[in-house]
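When you get a sec, could you build the whole thing from the sequences and use the hints?
There are 2 protein chains.
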Amino acid sequence: MIDLAHATSLLTVDVGAIVSNWKRIGALVAPAEAAAVVKADCYGLGMAQIAPALRAAGCRSFFVANLDEGIALRRLVPGAVIYVLSGPVVGSEPDFAAHELIPVLNSLAQITSWSAFAKAGSAAPAAALHLDTGMSRLGLNESDLERLVAKPEILTAVRPVLLMSHLACADDNDAAMNKTQLGTFRRLTATLPPIPRSLSASSGLFLGRPYMLDMVRPGAALYGLNPSPQHPNPMTQVLRLQGKILQVHDVDSPMTVGYGATHRVARRGRLAVVGVGYADGWFRSLSNRGHGVIEGVKVPVVGRVSMDLTTFDVSEVPVDKVYPGALIDLIGPGHGADDVAAEAGTIGYEVLTALGRRHTRRWIGYPSAQKEGVRP
Amino acid sequence: MIDLAHATSLLTVDVGAIVSNWKRIGALVAPAEAAAVVKADCYGLGMAQIAPALRAAGCRSFFVANLDEGIALRRLVPGAVIYVLSGPVVGSEPDFAAHELIPVLNSLAQITSWSAFAKAGSAAPAAALHLDTGMSRLGLNESDLERLVAKPEILTAVRPVLLMSHLACADDNDAAMNKTQLGTFRRLTATLPPIPRSLSASSGLFLGRPYMLDMVRPGAALYGLNPSPQHPNPMTQVLRLQGKILQVHDVDSPMTVGYGATHRVARRGRLAVVGVGYADGWFRSLSNRGHGVIEGVKVPVVGRVSMDLTTFDVSEVPVDKVYPGALIDLIGPGHGADDVAAEAGTIGYEVLTALGRRHTRRWIGYPSAQKEGVRP
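Chains A and B supply the protein sequences, listed in that same order.
So for the first sequence, our numbering puts the first residue at 1; every next one is plus one.
So for the second sequence, our numbering puts the first residue at 1; every next one is plus one.
A pair holds if it fits inside one copy or across any two, identical chains being indistinguishable in the list.
Computed cross-link-like contacts, DSBU-like style, restricted to lysine-lysine with a CA-CA straight-line distance of at most 35 Å:
(1) 119 with 321
(2) 151 with 321
(3) 151 with 179
(4) 23 with 179
(5) 23 with 298
(6) 321 with 298
(7) 151 with 119
These are calculated hints, taken from the structure and not from any lab test.
Following this line, the structure appears as structure tokens:
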């Protein structure tokens, strides 16, 4: 039971919309497989609620960032294939085996450790190999790969079941680097056994059929972010963040608002103070730049966002719609995470992962959500 | 038992240093009382560990932002005085009484509701009154106060035990607004009964004796942030954030690094990839701007910070000090939260409150910390 009387903010996640986004991508890329990237607690939206719903909808393969996320996910999706993107840090190999987690091996060092571990016991899971085709982040480069191919006994011991790489500029349809990375990936993987290959995450899979290969790994697109910023967003929105008005007051020139007195009131008007601040992931960079929406009216942030509070100019909203307890949409229909990100000077991904722990959270649109009520 | 083999990052909070900062402020402001602001989970550092240690050291009064934080704190510090800064949202008054929480009443609407609640039962706690002296955020303005003073029966019903206000520009020693707000606070409170008054948080209390009044409300200074940015930081540092190296690789011109290929490698060198990204509160705005420290050597962030990973140029670090499993200081001695904030384009407060949930956390320097070991 969710108690809205306590809440100073309400975060609603439409799990049904996430499942629908996953299904749409699955249909688009078939016969390639659509996995689901659920790292960072499903980009801050709740792995415990979302991963089982995706599994129930038919998703077989999941990606997390590190071992602890993998262990948590294993309990949620018992039969699924789970890849751990960072691979094993030294000494953690047995925990991968114990929880049936597939490490993504990113370096010769990880491959050597894993092959030693695999040779020592019979219980080691298979592994994925990550090839660096231009990110210069994680992954084997071309010379690493040559050294690996020269030692077939190591390759045999690690039992690779997936070859993967990652695009650096996939959100730019026109970037020449996309085609270069695809070519490099094709060329490098040709030296390895013919096992499934995966190159694209949310943005890459929209670059066309050649980028889909055997598996795509959407994350952002599942959560409603626009995978192709040059085009209208094809994904369904999943998120709504509402902040509760704590106080409304009349202002007039020459008052100032907030820390540093950065906003000067120019004319008679009304301000509403909402119980959401940067400690809730409502970035301080939205100070004097962001906005919310109430009753269809855009209400600008005035003054600096503070830790627990943000002030909005509600002068243009009908008086009877603005009162303590009323909700202002901070992220929602027509004003999604990508839009908030643009105002904050970042990307939608960071808006999602920054969502704070104090929001009263509600998940809707999936079977077990029916059982959870909301007390207004 | 903390398992460092799993950890991709380690966050160490020195609770002893926090207690020491609180004691130093207590000595500075005596006979005024030093309360402790523990909202937003002690600015992200762990209320469950910190609040009891402050209580054991003699702290009597605590401030939180909202009701749920107050309920959580009540369990941690049974005998303490707890103030809830946002006051009651409509309908939540009984929960304040049930958990013995003192609401900070910010508006005539809150005062009216609270006085009705107090009159209806005998169990209502006392309350604090918040006067707006220039923030234009929460609090009673002058005309509100006149209306309140005209109704002494309401004032009697709410039983105020603290009169408070908040400075807008306290971190600027020279701001004329500080003296103006102090004068306004003195003038407004003169119309009310002679009960304790509090104006200053971390920065204000360093503005001198007149700003200390009967109680100060430090938060940031307890957690090691510099309360007076124009002067050297008088507080003890409390925080260390270390990221684990996942992979080291050699690079050379003309390679590019990371998303968007924003960093071009100019010369032969080495990069280390660390398992910390913006989902951990290591802001994306640190891309190509922030830095870490390893073995006393500053190592710059190269390329864009991604969700789970950040790449550092470690070319200047001795080769034997950089290997998978080694730790890079992201926040720590000589490179505190205020410094990271300056590189990220924000303030230390937001660096603290953004610290993510994936860091393996360790609290040191207080009695019960002795019992918790760390498995290396």
